[in-house]
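Asker: Going down the list, the sequences are from chains A and B.
Here the first sequence is numbered in numbering that gives the first Met the number 0, starting from 0 and rising by one per residue.
Here the second sequence is numbered in numbering that gives the first Met the number 0, starting from 0 and rising by one per residue.
The hints are simulated quantities; they were obtained by calculation from the structure and are not laboratory data.
Wrong hints could be hidden among the right ones.
Residues from chain A that keep clear of chain B, each with C-beta distances beyond 12 Å, as calculated [said to hold, decoys possible]: (1) 29; (2) 30; (3) 134; (4) 175; (5) 188.
For lysine-lysine, the following DSBU-like pairs were computed, each having C-alpha atoms within a straight-line distance of at most 30 Å [as the list claims (entries may be wrong)]: (6) A:165 <-> B:209; (7) A:136 <-> B:202; (8) A:202 <-> B:123.
A virtual CB, placed ideally from N, CA and C, is assigned to each residue, including glycine.
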Amino acid sequence: MGGTLILAAAAGAVAVLLAVRLWVVLRPHAAVPRRSLSLLVVAGSGGHTTEILRLLENLSDAYSPRHYIIADTDEMSAHKINSFEVNRADRNPGAMFPEYYIHRIPRSREVQQSWLSTVLTTLYSMWLSFPLTHRVKPDLVLCNGPGTCVPICISALLLGILGIKKVIIVYVESICRVEHLSLSGKILFHLSDYFIVQWPTLKEKYPKSVYLGRIV
Amino acid sequence: MLHTLGPGPAWGRAVVALRRALPSTTRPVLLGTLPRRSGRGRRALPPPQAPSRPASLRGTVSRERAFSGLVVRATPAVGHDDPVPCSPSLVCDTFFRVFAWSPSSCGAISFTTYKDSLKEDLQKADLVISHAGAGSCLESLEKRKPLTVVINEKLMNNHQLELAKQLHKDGHLFYCTCGTLPGLLQSMDFSTLKCFPLGQPEKFSAFLDKVVGLQK
Numbered sequence: 000m001g002g003t004l005i006l007a008a009a010a011g012a013v014a015v016l017l018a019v020r021l022w023v024v025l026r027p028h029a030a031v032p033r034r035s036l037s038l039l040v041v042a043g044s045g046g047h048t049t050e051i052l053r054l055l056e057n058l059s060d061a062y063s064p065r066h067y068i069i070a071d072t073d074e075m076s077a078h079k080i081n082s083f084e085v086n087r088a089d090r091n092p093g094a095m096f097p098e099y100y101i102h103r104i105p106r107s108r109e110v111q112q113s114w115l116s117t118v119l120t121t122l123y124s125m126w127l128s129f130p131l132t133h134r135v136k137p138d139l140v141l142c143n144g145p146g147t148c149v150p151i152c153i154s155a156l157l158l159g160i161l162g163i164k165k166v167i168i169v170y171v172e173s174i175c176r177v178e179h180l181s182l183s184g185k186i187l188f189h190l191s192d193y194f195i196v197q198w199p200t201l202k203e204k205y206p207k208s209v210y211l212g213r214i215v
Numbered sequence: 000m001l002h003t004l005g006p007g008p009a010w011g012r013a014v015v016a017l018r019r020a021l022p023s024t025t026r027p028v029l030l031g032t033l034p035r036r037s038g039r040g041r042r043a044l045p046p047p048q049a050p051s052r053p054a055s056l057r058g059t060v061s062r063e064r065a066f067s068g069l070v071v072r073a074t075p076a077v078g079h080d081d082p083v084p085c086s087p088s089l090v091c092d093t094f095f096r097v098f099a100w101s102p103s104s105c106g107a108i109s110f111t112t113y114k115d116s117l118k119e120d121l122q123k124a125d126l127v128i129s130h131a132g133a134g135s136c137l138e139s140l141e142k143r144k145p146l147t148v149v150i151n152e153k154l155m156n157n158h159q160l161e162l163a164k165q166l167h168k169d170g171h172l173f174y175c176t177c178g179t180l181p182g183l184l185q186s187m188d189f190s191t192l193k194c195f196p197l198g199q200p201e202k203f204s205a206f207l208d209k210v211v212g213l214q215k
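Whenever a hint applies, use it, and build me the whole structure from the sequences.
Answerer: Shown next, in the form of structure tokens:
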């Protein structure tokens with residue numbers, strides 16, 4: 000009886016501590032001046048990868064090294080990323096050899112997958128995402144909505160909560176989302192540092208989001 | 000039962016990229032190409048003109064022929080377990096069955112697999128028929144091509160429909176389902192479509208540089 004109470008109290012204390020740490024990590028921070036930063040990009044299948052590579056086209060070489068995370072069954076995205084990096088290097092011959100890496104994790108959710116099994120596969124993805132995110136320790140995580148991004152962003156958040164590293168999480172909602180956020184968007188709206196939407200209707204519904212116009 | 004498209008605009012060959020718009024038994028991407036059109040500008044798209052027919056087809060073209068040629072591109076859907084044989088005959092059979100088109104209405108048919116880029120095919124196209132994925136829509140619209148999108152009704156929350164509806168509302172494309180495509184091809188008027196303004200990824204990179212504290 001006494002042991003159960005102590006256990007419950009300990010669990011409660013840990014939960015409170017985690018909640019406080021989460022609040023500390025999520026509140027706005029002043030930008031730390033820097034000359035370069037490592038970038039972790041979550042590329043989902045098909046259109047997600049195409050869109051996120053469009054966003055990366057204009058980024059300077061200061062965003063290096065670039066780590067790409069794709070689903071383990073997604074060969075097309077790997078191909079697109081390699082082409083993108085080769086084209087980028089060709090356009091900028093004076094720059095150093097492109098430093099980029101492609102990592103693979105299991106999908107969080109397949110198209111038409113049931114919600115219950117999605118919870119289980121997402122937990123499994125989390126189990127694998129945290130060691131990967133911990134190893135990479137990026138300065139910035141960039142994603143645009145595939146299910147793969149939720150475990151990665153939560154892992155990045157955990158790095159901050161555990162005091163290992165503060166990672167900036169930037170979420171750009173896909174241009175497909177005109178009136179409603181995606182499921183990933185609804186989850187990460189509360190957990191990201193900057194949440195960017197591309198249609199004014201979403202900006203009206205979510206005033207705390209950032210609207211820059213159409214950026215892809 | 001197959002039927003020809005009937006008297007209507009003679010398009011030449013159509014660009015058809017229907018990723019996952021077809022039933023789950025095949026999930027291919029189909030692609031056709033059109034002869035090059037001359038003259039592009041930032042104004043409303045001109046009405047279609049009858050293209051010249053290849054020498055091999057002269058004398059055999061009937062009033063019902065809608066395309067002088069069709070290039071079919073097919074790839075298996077990424078990350079799904081159904082085995083997709085993706086043979087040329089299976090893909091073409093599915094294509095003609097789903098859209099209730101006669102093979103004789105499509106002229107010479109050729110078959111290709113995945114390409115790095117559709118740029119060349121889009122450049123030569125007079126008409127693009129695509130799934131409503133963001134990347135496909137953006138690529139076609141940026142090339143100032145008349146675009147019709149086919150909605151995949153199986154996607155979660157059908158975000159493709161959201162984007163298609165908004166772009167149609169803004170006057171940039173037409174949209175339909177597999178069943179309504181033949182009817183739309185006969186009735187649509189491309190002179191009503193408006194040019195699509197380009198996105199501004201430089202706004203995103205400027206915003207990101209600022210929030211991460213990147214010094215020039």
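Asker: Let me make sure I understand: some of the numbered hints might not hold for this structure. Which ones are they, in numerical order?
Answerer: Checked against the structure, the hints that fail are numbers 1, 2, 4 and 8, while the rest are satisfied.
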